[in-house]
Amino acid sequence: MNDIRTQEMNLNFGPQHPSTHGVYRGVFTMQGEYVTKCVNHIGYLHRGIEKLAESRTYTQFIPYNGRLDYVSGMLNEEAYVRAVEKLMGISDQIPERAEYIRVIMVELQRIASHLVFYSSMALDMAGFTPWTYGFRERDTILDLFEMAAGSRMMPNYMRFGGVAADLNEEFMPALRKLLDIMPKCMEEYHGILTGNEIFQARTKGVAPLSREKALIYGISGPSARASGIDYDLRRDEPYGIYDRFKFNVPVRQTGDTFDRYIVRMDEMAESVKILEQAYRELPEGPVLAKVPKIIKPPAGEVYHRIEHSKGHLGFHIVSDGTAKPYRLRICSPCFVNVAVFEEMAVGLHLQDAVVAFASLDIVLGEIDR
Amino acid sequence: MVLFLVWVDMFRQWLVGIGIPALPAEILIKTILVLIVIIFVLTNLIVLVWLERKFAAFYADRVGPNRLGPAGFLQFPVDIVKMLGKEDIIPGNVDRPVFKIASICAFLTAIMGWAVIPLGKGMILEDLNVGLLYFIAIGSTGTIAFVMAGFASNNKYALLGGMRTAAQMISYEIPLAFSLLGIVMITGSLSLTEIVDAQKNVWFVFPQILAFFAYFVCSIAETNRGPFDLAEGEQELVAGYFVEYSGIRYALFMVAEYTHLVAVSAIAAVVFLGGWNAPFGLTFIPGFIWMMLKIYLMIFLFMWVRWTFVRVKVEHLMHIGWKFLIPLTLFNIMITGIGVYVYRMIAG
Amino acid sequence: MYGQGLLKGLSISIRHFFKKKVTEMYPEQKPNLPKRSRGWFELTPDKCTACGLCVNACPNGIISIESYKDENNKRKLVQYRMLMESCIFCGFCVEACPQDALYNTQAFEQTVFFREDLNRILYKAEPQSVQAERSEA
Chain W
1 MNDIRTQEMN LNFGPQHPST HGVYRGVFTM QGEYVTKCVN HIGYLHRGIE KLAESRTYTQ
61 FIPYNGRLDY VSGMLNEEAY VRAVEKLMGI SDQIPERAEY IRVIMVELQR IASHLVFYSS
121 MALDMAGFTP WTYGFRERDT ILDLFEMAAG SRMMPNYMRF GGVAADLNEE FMPALRKLLD
181 IMPKCMEEYH GILTGNEIFQ ARTKGVAPLS REKALIYGIS GPSARASGID YDLRRDEPYG
241 IYDRFKFNVP VRQTGDTFDR YIVRMDEMAE SVKILEQAYR ELPEGPVLAK VPKIIKPPAG
301 EVYHRIEHSK GHLGFHIVSD GTAKPYRLRI CSPCFVNVAV FEEMAVGLHL QDAVVAFASL
361 DIVLGEIDR
Chain B
1 MVLFLVWVDM FRQWLVGIGI PALPAEILIK TILVLIVIIF VLTNLIVLVW LERKFAAFYA
61 DRVGPNRLGP AGFLQFPVDI VKMLGKEDII PGNVDRPVFK IASICAFLTA IMGWAVIPLG
121 KGMILEDLNV GLLYFIAIGS TGTIAFVMAG FASNNKYALL GGMRTAAQMI SYEIPLAFSL
181 LGIVMITGSL SLTEIVDAQK NVWFVFPQIL AFFAYFVCSI AETNRGPFDL AEGEQELVAG
241 YFVEYSGIRY ALFMVAEYTH LVAVSAIAAV VFLGGWNAPF GLTFIPGFIW MMLKIYLMIF
301 LFMWVRWTFV RVKVEHLMHI GWKFLIPLTL FNIMITGIGV YVYRMIAG
Chain D
1 MYGQGLLKGL SISIRHFFKK KVTEMYPEQK PNLPKRSRGW FELTPDKCTA CGLCVNACPN
61 GIISIESYKD ENNKRKLVQY RMLMESCIFC GFCVEACPQD ALYNTQAFEQ TVFFREDLNR
121 ILYKAEPQSV QAERSEA
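Protein chains in written order, with the numbering used here: chain W, 1 to 369; chain B, 1 to 348; chain D, 1 to 137.
You can trust all of the hints, since none of them are fake.
Below, simulated BS3-like cross-link-like pairs (lysine-lysine); rule was C-alpha separation at most 30 Å, straight line:
1. B:54 x B:313
2. B:313 x D:8
3. B:313 x W:37
4. W:293 x D:74
5. D:8 x W:273
6. W:204 x D:8
7. W:184 x D:20
8. B:54 x D:21
9. W:273 x D:20
10. D:30 x W:177
11. W:184 x D:8
Facing chain W, from chain B, some residues (calculated, C-beta under 8 Å):
12. 56
13. 59
14. 61
15. 62
16. 156
17. 227
18. 229
19. 307
20. 308
21. 309
22. 310
23. 311
24. 312
25. 313
26. 314
27. 316
Source of the hints: derived by calculation from the structure; they are not laboratory data. Idealized CB from N, CA, C, for every residue including glycine.
Starting from the given sequences, assemble the full structure and let the hints guide the process.
Take a look at the structure:
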């Protein structure tokens, strides 16, 4: 056996692959079927959004936010709009109805984003049927967005001081119908995938991420909560009216792929709870505060972050008193989260590497901006 | 059906009557029967691909192909026409002879297994008295075609797929053979027609339920389907061992896979579900129709399992094959042996 | 028992096998889009005063207007052009219009064969009437 020569091979987990969530390239060095080294290559989707922001006014930049993390349009817009409102100093003048509508839209978007995670994770393991079940509910949510905002994926709905337009009369009955069927659908998702012994055997104990390592890398969002870091910006640094809602924050201890999956499924159930409370308490009133037509914030800088479905999305805006921002920096959570994959993939089988990558839940639009 | 043998006899007598000597007449008849089997298999293929796509859609709240032909039935023939018209791309540094004949080998080994499958009483190409052994042996030779395809394509993904397939198919042949051993012990013969005749009173699926379950799982692994399709795992190894194939060579691999699927379903129907015997004594429906119904029942079960479950990991595949199915089938053999001995003692 | 989750999965999928399917048969069955859905744009030229607010509101600057002042010093529209190949369908132009002259329809099947056809001219005044109005001044 001593004269059999083995050689490590380089495999491109390439930009063209059915299982990278976008145009991501990972160069694996493999010994047989086990990964010994992984190098991330990103930047294939760079569009220069931050530079583009310097030639648009603050209001004109709102549609571009929907293109960052393209499966969660409303969440990106909320982060940007709240950052500029903090800079302008009108964070407390937003009408009540607008705040409640923002919460409804954002929690619906969180459910939609986690449904994409669920469907893509099932698809990466050749579960074609759970994939379509997840996208069925996401389609209902996108129809709700079309009723309120006019567009399914790039809603362009949030404005400084409130939201663009009030909800029309067909929105609330449709939302009620969705909230009624969600518990049954969650049971179906758990029945066909979570309880499946093959799925559990493939995800339990795979690629664990310890709490210390998650803190060193700066992971945020559901991936961090699966490793034991009990931090949720909605509860610990509440913005808007999040301090009025009662919801739990699911936290798990091991940090393996199964925990990252379960945290997101539990977060979907918690979002449904928040939606029920917001649906009941929605008051009447105006939806847009009195803001000037041309937004000219005072010179200064601001950093504001929200609990995005992938982690902490932050906007660092430097303004020089004119109508266009001087510098706009987007601190994206997926950019930080994907860095841990280089360490996570070492020693994994190729199949486990694909599933671990899916469980980090990254979207390339946010990494490359 | 004995009617079929009567027709073949009439045709043979007519041939001898017009002056062809006996031996060439036999050869001519056998050639025509082989052609009929191949045409039957290819017809089944068209129905099967349509069924697969419609089932995949129905499990997922979708409708599936419904534009071409009634309920989308002509979708697959049109796809074959499209594939025939594609350019035959052979990548640069492949091993050319091996690359070219790999897909033909796959189809060849799949169709050779059809020589012993009875589709009705007397409708069998060659009633070997070691029919079951022949089928298992031919099934093992199918492995080489996939290894050829994986090795000859100058591609790392294909190499991984080919190696995985070799390991998988070899691991699951032992439980496959063992699960059929219980049947052989009960009937005392390897000939498929005698196995069907022995099921006149009770089908073998009831006393041999463990063997049926083991055979079901092994045949999913043998045909590279369902939760065990690691070799062609699209999500990790973009189409695995046939990533470099296009056009008609790719279609041949698909044809081979579905032919093998119908063959193992037919063996399951013959060995476990009673072959052409009618249940509850409904003998006015001919045995051929019952056989087709049982084959399609097995295919429905295969497709149900494929579209519900996710793919297993390679280590678990090996664990299931070696550590779970072999003890299960050995246990079944032990129980069957005890049962046969007790039955012989009781029956005198 | 070990295989319980597997059997539950099988029962869920066989239930969906027999239920009604959610596919919409396009193009026989066109989707019923809500009123706010942002499709392509149309202009009511009588209401338009050529104020140019939509031109300033567009992030990409795709709208261009030609106008002239008639004898009462009122602005009149001559040509309204939108370069749809750069449009991001944000709807700011519709929101900015004070007279509600520009509105969006729900039309989304607007593929064309040539790139030039994308640059739509939503309104072009007849040259004779413009000349007539100018000569009356």
